[in-house]
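Asker: Can you build the whole structure from these sequences, using the hints too?
Take a look at the letters that make up each chain.
Protein chains: 2
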Amino acid sequence: MPVVDFRTSPGQYRHWQLAVDGDVATLTMDVAEHGGLVPGYELKLNSYDLGVDIELHDAVQRLRFEHPEVRAVVITSGKDKVFSAGANIRMLAASPHEWKVNFCKFTNETRGAIEDATSNSGQVYIAAVNGTASGGGYELALACDHIMLIDDRSSAVSLPELPLLAVLPGTGGLTRVTDKRHVRRDLADYFATRPEGITGAKAVAWRLVDEAVPRARWENSVSERVRDFASRSARPIEVQGIELTPLPKTRTGDQISYSSVTARLDHERGVAEITVDGPRDHAPADAAGLHDRGAAFWTLVMTRELDDLILDLRTNEPELGTWVLRTRGDAGTVLDYDNLLLRQRDDWLASEIVLYLKRTLKRLDVTSRSLIALIEPGSCFAGSLLELALAADRSYMLSGVFEDAGPEASPAEITAGALNLGPLPMGNGLTRLQTRFYGDEAGLTAVEKRAGEPLEAEDAEQLGLVTFAPDDIDWDEEVRIAVEERASFSPDALTGLEANYRFAGPETMETKIFGRLTAWQNWIFNRPNASGPDGALRRYGTGQRAVFDRKRV
Amino acid sequence: MPVVDFRTSPGQYRHWQLAVDGDVATLTMDVAEHGGLVPGYELKLNSYDLGVDIELHDAVQRLRFEHPEVRAVVITSGKDKVFSAGANIRMLAASPHEWKVNFCKFTNETRGAIEDATSNSGQVYIAAVNGTASGGGYELALACDHIMLIDDRSSAVSLPELPLLAVLPGTGGLTRVTDKRHVRRDLADYFATRPEGITGAKAVAWRLVDEAVPRARWENSVSERVRDFASRSARPIEVQGIELTPLPKTRTGDQISYSSVTARLDHERGVAEITVDGPRDHAPADAAGLHDRGAAFWTLVMTRELDDLILDLRTNEPELGTWVLRTRGDAGTVLDYDNLLLRQRDDWLASEIVLYLKRTLKRLDVTSRSLIALIEPGSCFAGSLLELALAADRSYMLSGVFEDAGPEASPAEITAGALNLGPLPMGNGLTRLQTRFYGDEAGLTAVEKRAGEPLEAEDAEQLGLVTFAPDDIDWDEEVRIAVEERASFSPDALTGLEANYRFAGPETMETKIFGRLTAWQNWIFNRPNASGPDGALRRYGTGQRAVFDRKRV
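Protein chains in written order, with the numbering used here: chain A, 1 to 553; chain B, 1 to 553.
Just to be clear, a hint being listed does not mean it is correct.
Treat identical chains as interchangeable: a pair holds within one or across any two.
What the hints assert, rightly or not - Straight-line Cα separation of at most 30 Å, DSSO-like style, residue types lysine-lysine; simulated pairs: (1) K81 with K180; (2) K44 with K202; (3) K180 with K449; (4) K249 with K551.
Hints were generated in silico from the structure; no laboratory data involved.
Answerer: Quick look at the structure:
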């Protein structure tokens, strides 16, 4: 597999057109058949691979920062009679297991980002399904707030994965059909067994789409509906976007560097050592200062870099199973940036930055890598950056200082700030602190009472904010063992363990999609009935029927 | 594999002793090393296989019906220094995938039944962990309401599955640790990587157990605690149990028959055709009549038989992938039985019967078989039996009559009754009707308004209570295609589809265990890192280290 780069911009798109007209944007999918990321398949009928979805991800992201004036986004197809055939089957059939799973995770995150824009930024997505939408094509529509289907006797919506490929819809389809659109479960069952899908009035009656519109009225109806949604959006008007300037990045075999984030790739130990730097300059005083800095504002810089790094490591470095997380800088300045964002929360840009940080931290939560935070002198695990330690599976905080390396240093401190107490919920709807202290109200209250106060290792351990607080004598050995031991365990069992432990308590549609549906899909992807030489995924399009082991598991 | 029989009784137990003393019962685990269900492994150190758990299941069940006077149940070990080593590893390593998964499902259900007895019947379970409890051994303790650990410097609790076997704890351990016992997630992470486990005071501090008691005070402390719990139980006193008489059953290669439940096994089509008969006699008038009938009371008879059939088919007939569900009898009489149970809900036996029916229907919900209900003339899908149709993935109801076979018959009817409106919740905490109409309050209200009214096919379809209502002309063809088509799909994909669709809406600890944790475990069980020839599960005990593919998925 090539090293995949997630950075792109509208000028480089091969598969999508982004057109902005006043407060309405149109995202037109028109996949280049020969534009696959990897050789070996053709992206016919608006089917997609990771490369297509990277552009969609970029467009959804830019709309929020560069086009805050947009209040409604239409997703439609540039092809005749086909909206999208979903994920490319030959690509899936030829991909190794970890590639398939990682691909589905990313596409799920982008669908989630579409819903997040609708719910939290008043950028309402409308699917104008102007042809057949199959599998992932229909799932893309499901991520939109409103689905219009052209009623021409041939255009249908369908989830043909089960009957044709012996897998599940991989982008949240099963969960959204029942939990978001409230399709009755027995109708949903029937629907998912019909490769030809459901058309027109029946699709509306079953709640699979919101309206079916005859071809003659199509253009007018779509415009009307879009105007409707745009006029009802709560988004502020007369705002000026900021440009998401190109992300500077250097990548070698053993290091990935950005301006505020660095990762050392240690292939021998199977570890990525990630360091996030705090701000180098003071926080601006007000919203005007924030807008002046734009894409150079530290929180946005750091979030963009961390987001790109997570995607890069996940896709390109599957054997780096442990990510060690460090921070470096001044905690007070980090909190200043946090507090500016919170004070200006009614400003669209401040709000978008916090929402983006929220999405990036959620990406970390669903990353199938062991996360170990190391809290050392000189670090700045405070507020927004404390979330990294709270997202980790374990944290080690040095008690005292390194007597040899820096006897004069101040001992490490951590500080809970306002950003830890609400604005950055996980997918389960709880903050990372609430999840950590799930069922332990007293523990949570004790931490909240100390918010704003720098805490040294003993206090942090006592309050349950860090896992262990070894001193200089034990530090090296304890940390080394933790990291080495992690590398000795089964990667699969670790993935399952972490996916369960990270989400204590309540579930949401989002955790159901990432935790439950994904696990079933992973299992099915791995079964010979789908992926074996005689499985349905491998035999699709060969004219040969799949051979199934009929035992029910 | 042998045909497994789930019927047993305390006189036949080889692995457990059940002793009842007043309002306290003691369940002592003392597994017979050479008493494995299948040859090829020894059940050392109170490790268990399906046969051991069948006895536990029977004991938990009998305590509720035969010993309603029991208010506290102690689970302890008859071995020296070991409580239980968990599921037998050689058994797991040698078992095919579907056997492992099915075994875990059953053990999970029995742990759930222990919690159900504690929560709903005031039979409080206490784990007296008088030696090391590893893996499934600790998970058994986790199902209890209170965990006492002997503090002797060697007895520990542990979840060693990940470091030793490269799999997850298979009986809800990861979910209960965080969601039930509120162990902090980073401590839970550390705990699950320590094969030697955690002992004494630290186990208490981390909430892994409720108390650690020195050996010298052990006996007294356990008695004291048990008296404590027994005295606080809300269970009525001075009650007289009923005997769960042996279940008559005949089993041939193509039929399983009980008194009220029959299954035709069609191996060629991969279908089990299950018929449940309604009551043959009138419902008794009052609680005294109910107690007189005891184990012969229709609802209890039907539930016991259905429960046994589900377990039998799941374990012994994995290739029968579709279960067709029919009923036969008088709907009015079914509702009379239901109504008696509801009128007498303060009677312990009436309450136990409804709770048992609830558990049995939940078993159906998590069964990895396609469920298709056929509603024909002469059927009695009303109240308790309507739940079978509501549990099904799809239902077909004949509109009108079979013109050739029974032109004089009355058309089929279904009736929603009081038992459909609350007392039989699914694992997600909602009734099957609420789950069916999740997000459609109007639809649910419309059905509730018609409760008690027999509905013919058109009305039932209109109200959304059945999936399809074909008439005589289309019936045979439509039903045949539905059943044949099901058999043509991938069994794995169907399992995943159904597991997702059956549980719309909220999640509970129970659905997390069955839906999310189980899916991850299934995936891991199926991965070469665990179950391949060089995987950890297969290499355990050989002295050879497992070889892992290090790619993270």
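Asker: Please go over all the hints and tell whether each is borne out by the structure.
Answerer: Structure-based check of all given hints:
1. Taking the shortest alpha-carbon separations for K81 and K180, only the intra-copy value of 27 Å comes in at or below 30 Å, while the best inter-copy value is 52 Å.
2. Only within a single protomer do K44 and K202 lie at most 30 Å apart by alpha-carbon distance; the minimum there is 28 Å, versus 60 Å between protomers.
3. For a Cα distance limit of 30 Å, the shortest separation of K180 from K449 across copies, 26 Å, qualifies, whereas the shortest one inside one copy, 38 Å, does not.
4. Proximity of K249 to K551 under the C-alpha cut-off of 30 Å is restricted to the inter-copy arrangement: shortest distance 25 Å between copies versus 50 Å within a copy.
Comparing the model with each numbered hint stated earlier shows that all of them hold.
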